[in-house]
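Protein chains: 2
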Amino acid sequence: MKKNAFYAQSGGVTSVINATASALILEAKKHKNIGKIYAGKDGILGALNEDLIDTSKESISVIESLKSRPGGAFGSCRFKLKDFEANEKEYKRLIEVFRAHNIGYFFYNGGNDSADTAFKVSQISKKLNYPINCIAIPKTVDNDLVLTDCCPGFGSAAKYIATSILEASLDVQSMSATSTKVFILEVMGRHAGWMAAASSLARNNKGDAPHIILLPEVAFDQKNFLNLVKDTVEKNGYCVIVVSEGLKNKKNAFLSESSTRDAFGHAQLGGVAPFIANLITDKLKLKNHWAVSDYLQRSARHIASKTDLDQAMEVGIKAIQYAVNGMNGVMPVIVRGKGKKYSWKIEPAPLAKIANLEKKLPKSYISKNGMNVTPKAVEYLRPLIQGESFPVFKNGIPEIKELKLIKVKKKLKPWA
Amino acid sequence: MKKNAFYAQSGGVTSVINATASALILEAKKHKNIGKIYAGKDGILGALNEDLIDTSKESISVIESLKSRPGGAFGSCRFKLKDFEANEKEYKRLIEVFRAHNIGYFFYNGGNDSADTAFKVSQISKKLNYPINCIAIPKTVDNDLVLTDCCPGFGSAAKYIATSILEASLDVQSMSATSTKVFILEVMGRHAGWMAAASSLARNNKGDAPHIILLPEVAFDQKNFLNLVKDTVEKNGYCVIVVSEGLKNKKNAFLSESSTRDAFGHAQLGGVAPFIANLITDKLKLKNHWAVSDYLQRSARHIASKTDLDQAMEVGIKAIQYAVNGMNGVMPVIVRGKGKKYSWKIEPAPLAKIANLEKKLPKSYISKNGMNVTPKAVEYLRPLIQGESFPVFKNGIPEIKELKLIKVKKKLKPWA
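Chains as they are written, first to last, in the working numbering: chain A, 1 to 416; chain B, 1 to 416.
The shape of chain A in the complex, shown without the other chains:
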């Protein structure tokens, strides 16, 4: 029987999450069991508020152009459904909306929180006797989902970071004789150091920048760090440092937070890069510059990894195929081939084993001194940034085709 589908984007967006949406919508058109794809306005909120965007009103060329549009084209949100027992109302509302719009497929495109929500929704078939096929689709620049070899969105952020560090290092190197000696780039990664680790891909030869990588997995050792900066500048003439926003001190407190309070507890300026920069100025008297990439790194579609883009699209395609084949409560995950040459395929994995778990950098990926990554890490990371897929440029900037974003007519009372 033909059922409509609900697709929602969740949590922090990536430069390729819309590529997943694009592939999913186009794949759905091939399956007779699937009617329309409704995209949630602002993620799962779109379901609760009955704000459903009818993607069938968009032209095929616009849907195809989503492949090169960063951000979340339908809106994303940070909203975690409570446990079924704690808030049955939310689930009942979801079913009310699904029933009103004949929705039998639920696709939730997000990270580990979203996998949790998708897992809960997948259980309402039994608990509330509403038949639904619920598939979570992986997406996170954090690369911290378990069971999958990598996460769509990460490879592109990694390519952005590696390219940026390579470029900035050439800049610093050329100025170091009379000017800046130390350059610091702060990258995302609150709990896991995958993005910081990706900066190692900027290296072609031993000794190349970045010289120091500060990870959230390793407590910051100020003395050793400053010694290494000093030694590196003495040896190379300059030092390039990449630091995770989630770097912690030995008391397990975020350095960026310790720097956001003054002696009276008043809020001060945040950011771990300026904190590190300040430290180097104070203790080593070395001229330094710092940058914070923030959203730029996760939205840099212009330097997306082709490998990442392909995977982002393939998980969208597989999500549809799993759903029409009757699967529920699974996620299409990326499985790396065993061979020497990088290969990958998509397989279903149970959400129960993914939800809420976090994959940090394994110890074997972290160098002995705790301020770098091992060749094993590079071996894992390198394939993920291979290939380019530049967007179409128009008038000097990436072309972004406008969506109509036509909403389905509401049938229900507003949700409180």
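Do not take every clue at face value.
The list treats identical chains as one, so a pair stands whether inside a single copy or across any two.
Under the rule of at most 27 Å between Cα atoms (straight-line distance), these lysine-lysine pairs were calculated in the DSS-like manner [as the list claims (entries may be wrong)]:
#1 Lys29 / Lys363
#2 Lys285 / Lys340
#3 Lys407 / Lys2
#4 Lys306 / Lys401
No lab work stands behind these hints, which were simulated from the structure alone.
Once you've looked at the hints, dock chain B against the given chain A.
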């Protein structure tokens, strides 16, 4: 008579300064009057220290590859020659080195400080009776040189900023329902707001991000600013702000500096973006994110403007032609055609009229409220970011070919 040439990179580098070097070196090979091109190790310091890199030892393919290498391939420096009267020694040393290596051409690739140095050197022909043809070649992401329509390096930084703002805006927009409402990007520009202004090129339609552009030419008006942020978030759901590092308060002090001292005068974290972010958190209680591009924006060769790249190469070619035609004390500048369709050509301009002068944003480019740019500014800026020239990627990152950097054998005593 055949003479060798000395080429030096000066001041903050750009993503296309090596493209100028590449074109200059290749053009020189066509002229029988020019022997070898010696590049200064770390700019003018290379001349003073007799650290001369023999570019003839590099393969043609490596010289060609400089077109896509950011940073300063031979090293740059921040070093301004004193006036002739104040420090005759430096000039005498230059001549000593030039004479020892049969150098009759001097090419100085930099901004307004460098134009000043080049101008001084151009006068030693007369003052110290040493015949030299001295040509300054424009380069600066600041776009603040006078007489030239634009400066090589700026167009590529502008394209990076416009693209980054476009991408980050799509990100913020998609999250704004439940998360970040305000995004702030800090860009370079200590005295002139050209780079901040370039963010306006991210717009396709009226009302598109960036919504606010804070320029160093306009004193920061906190009250009006906060009102505009508030209004923009109320109207759009989110607000994107671009701020020049050189933003000043009404007392003409840099905001970034005011934020680097605590109540006791101790050094604190710098950066104007975190300052603005803090203000928005404190006064408006709006969730915000901020980024600081720093060196990333001026070294982002991966997103260079083809127009900028072409101009960077053409000024290198013209510098050689001017020199062999006997010119001295001039700069090849970019002259914009009068027609509706953008066109440009290179013409010589006297260094005496360029040195030490700074071109700020004209009033007609700044909006009435002082927090945006006018359509006239966009009209000026738009052609400068047209076209792409992606580098060759190898192993997932831009390919950087190694230079041999073989130095000419020293003939003189070390310079103190």
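For this session: Sort out which numbered hints this structure fails and list those numbers smallest first.
Result: 1, 2
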